[in-house]
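Chemist: Residues per chain are reported as follows:
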Amino acid sequence: MPLKPDPSFYPSPASAIEGPREELAYVVTLNTGTNGDRRPDALTVVDLQEGSATYGTPIGRLDMPNVGDELHHFGWNACSSALCPWAPHPHVERRYLLVPGLRSSRIHVVDVKDDPANPKLVKVVEADELARRTGYSRPHTVHCGPDGLYVSALGAPDGGGPGGVLLLDHDSFDPLGRWEIDRGPQELSYDVWWNIGYDTLLTSEWGTPDMVEDGVNPELLLAGRYGHHLHAWDLRRRRHQQAIDLGPEQQMVLELRPAHDPTRPYGFVGVVISTADLSASVWLWDRVDGEVTAEKVIEIPAEPAETEQLPPALQPFGAVPPLVTDIALSVDDRTLYVSCWGTGELKRFDVSDPRRPRETGSVRLGGIVRRAPHPAAGPVNGGPQMVEVSRDGRRVYLTNSLYASWDAQFYPEGIDGWMVKIDSEPDGGAFEVDPGFYVPYDGERPHQIRLQGGDASSDSYCFPS
Amino acid sequence: MSNDTAWLTLAALGAYHGVNPAMGWLFAVSRGLTERRRRAVWRSLLPIAIGHELSIALVALVVLGLSVAVDPGALHLVAAATLVAFGIFRFVKPHAHPRWTTMRVTDRELTLWSFLMSSAHGAGLMVAPVLIGLQDHLDTAHVAEHQRADLAIVSRLPLPQTGLGIMLHVGVMLLVMGAVAIVVYERVGLEILRRAWINTDHLWAGAFLLAGVVTFLS
Chain A
18 MPLKPDPSFY PSPASAIEGP REELAYVVTL NTGTNGDRRP DALTVVDLQE
68 GSATYGTPIG RLDMPNVGDE LHHFGWNACS SALCPWAPHP HVERRYLLVP
118 GLRSSRIHVV DVKDDPANPK LVKVVEADEL ARRTGYSRPH TVHCGPDGLY
168 VSALGAPDGG GPGGVLLLDH DSFDPLGRWE IDRGPQELSY DVWWNIGYDT
218 LLTSEWGTPD MVEDGVNPEL LLAGRYGHHL HAWDLRRRRH QQAIDLGPEQ
268 QMVLELRPAH DPTRPYGFVG VVISTADLSA SVWLWDRVDG EVTAEKVIEI
318 PAEPAETEQL PPALQPFGAV PPLVTDIALS VDDRTLYVSC WGTGELKRFD
368 VSDPRRPRET GSVRLGGIVR RAPHPAAGPV NGGPQMVEVS RDGRRVYLTN
418 SLYASWDAQF YPEGIDGWMV KIDSEPDGGA FEVDPGFYVP YDGERPHQIR
468 LQGGDASSDS YCFPS
Chain B
292 MSNDTAWLTL AALGAYHGVN PAMGWLFAVS RGLTERRRRA VWRSLLPIAI
342 GHELSIALVA LVVLGLSVAV DPGALHLVAA ATLVAFGIFR FVKPHAHPRW
392 TTMRVTDREL TLWSFLMSSA HGAGLMVAPV LIGLQDHLDT AHVAEHQRAD
442 LAIVSRLPLP QTGLGIMLHV GVMLLVMGAV AIVVYERVGL EILRRAWINT
492 DHLWAGAFLL AGVVTFLS
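Listed in order, the protein sequences are those of chains A and B. Count along the first sequence starting at 1, add 17, and that's the number in this note's numbering. Count along the second sequence starting at 1, add 291, and that's the number in this note's numbering.
To be clear, the hints were calculated from the coordinates, so they are not data collected in a lab. Keep in mind that this is a model prediction, so the values were computed, not measured. The beta-carbon is built from N, C-alpha and C at its ideal position, and this holds for glycine as well. Hints may contain errors.
Facing chain B, from chain A, some residues (calculated, C-beta under 10 Å) [what the hints assert, rightly or not]:
#1 Lys21
#2 Tyr27
#3 Gly162
#4 Asp164
#5 Ile213
#6 Phe448
#7 Glu449
#8 Pro481
Only chain A is shown next, with the shape it has when bound in the complex (with noise of 0.2 Å):
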């Protein structure tokens, strides 16, 4: 047991922010076969010190043990949320990920401690255990809350709904049971997370397992059958309180960024497509006189294209839109950076005024027709899709695969993964590609990074900056 707090838990985002640099990234990558060879998913990890001659390459690896996982989102067993005044537990150690399979619905449990670029796999919670003790399936996001592991979860085991939040003990990872005690009309599920100051949880929609697993579903979509609501609940009492509804057309109401100042009400959330018009967009949540309420404010139109340009799902519209399939805002609230996976650019706003966000960048990579060039590589395919922020918000690591089903869909030749770093320098300075940074995955997808010692989207403060 360790004498004093874990190095890497941090009272507020201030004290974050003046951390060290991150020296290791772990990277989950999506085995496809399409290398023609089938073999298991991955958790890797990449080198990140500076000066470090195997900087900016994989340097270790751990295969899962099954085939056909579909590595997506993982999290931490413990963070900084652990010195939260109500019951603080300090000297928890941040050495465990866990990692789902969001097709396989197992629960991967690894261990970085003792040598953290050669990860361990010390337990494996199995789906049908998952289903049994919580009734879901398909586990999506993980975040360390104050009293255990929060995991968000598409839907249940027949492959319908609802989806919902189950809890794993923080000591053994055993699920414990669903979250909710009353969920009100809410049934679908993707994301999960806080503003921890409020007492308030949010969860956002996507789509059950029946609806996503086999690529998007035009119907559905059309119809506006896909999540358009945002949820909040009441933390503690574990109760529903309000479902917003962004509006039918609003289709697929994804990544959860709330403020990392738990003195902040607010938050924002990604909205994939809009039917009307293809444009994608980012809404803010803020709470006025105890409610939750939601407004957009930013809009990223599609992109007038050629058919020929177009693959066979896009053709009929004669654009692209924009896919804004992940945000993430940085550790002090006030940058907030937006993938545009099927345009292919990762835009920069200054978002100090939340209500009022402010352009102060762009950078293109990839997408659906612009095949946009990396310095160290030519064009590219995929684009920017899941973003990871340094806790000092200077570095942002982008990789570029979605969702094996839907990759095919919008990038049907297949997607040749990549890891690149752009350098965001503050208060809208330079924004640029790291040319000499590119980690090609070849015959593999990578999806979402954590970076050692936390990142912007893994850790909750009890106690403002």
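For chain A, the structure is supplied; the task is to place chain B on it using the hints.
Modeler: Coordinates of chain B only, in the frame set by chain A:
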């Protein structure tokens, strides 16, 4: 246990609970930081102290009740067994704590929180052997004066001493807790947590085992 040792132990335990961030000053500081005013720190201390006191009073009541109902030998045995069992529990499950996920609390909720935390931590339980020690001391002092059995029973109910003991414990805790909270809030800041929050889980669990053994032997 002599009187002086008992008072000293109660005061020392109070100081330990006062310093321990998990027992309340951290919550007080967080309320101050959230509301951005020092008054919120001060105002949190009283509910925390009341919750702590309630947790201890509960154990004290049980000890007093048992001291009337059973003979001293049985009381020592029950107390020793409870202390050892709790010590083992804290060794096996050092992270066990009541479920609580709320930052925004009223004074009443803060009192409840403090009661739950103090109880789970074993704050009251740790005070029990000291109270029993106080009582033993009284028993021997009074035996000569009160030969008659009914009087002996009355004298074995050391209410004033128990009350004073708890007041002393909570008073010292409040003093230390207030001092730490305000120094952290005004001067040092919460970075101190990262450097100075020493892990006393095993030490605390060990103290229960020790207290159990001492209670058994005395």
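Chemist: Let me make sure I understand: some of the numbered hints might not hold for this structure. Which ones are they, in numerical order?
Modeler: When the structure is compared with the hints, numbers 6, 7 turn out to be violated.
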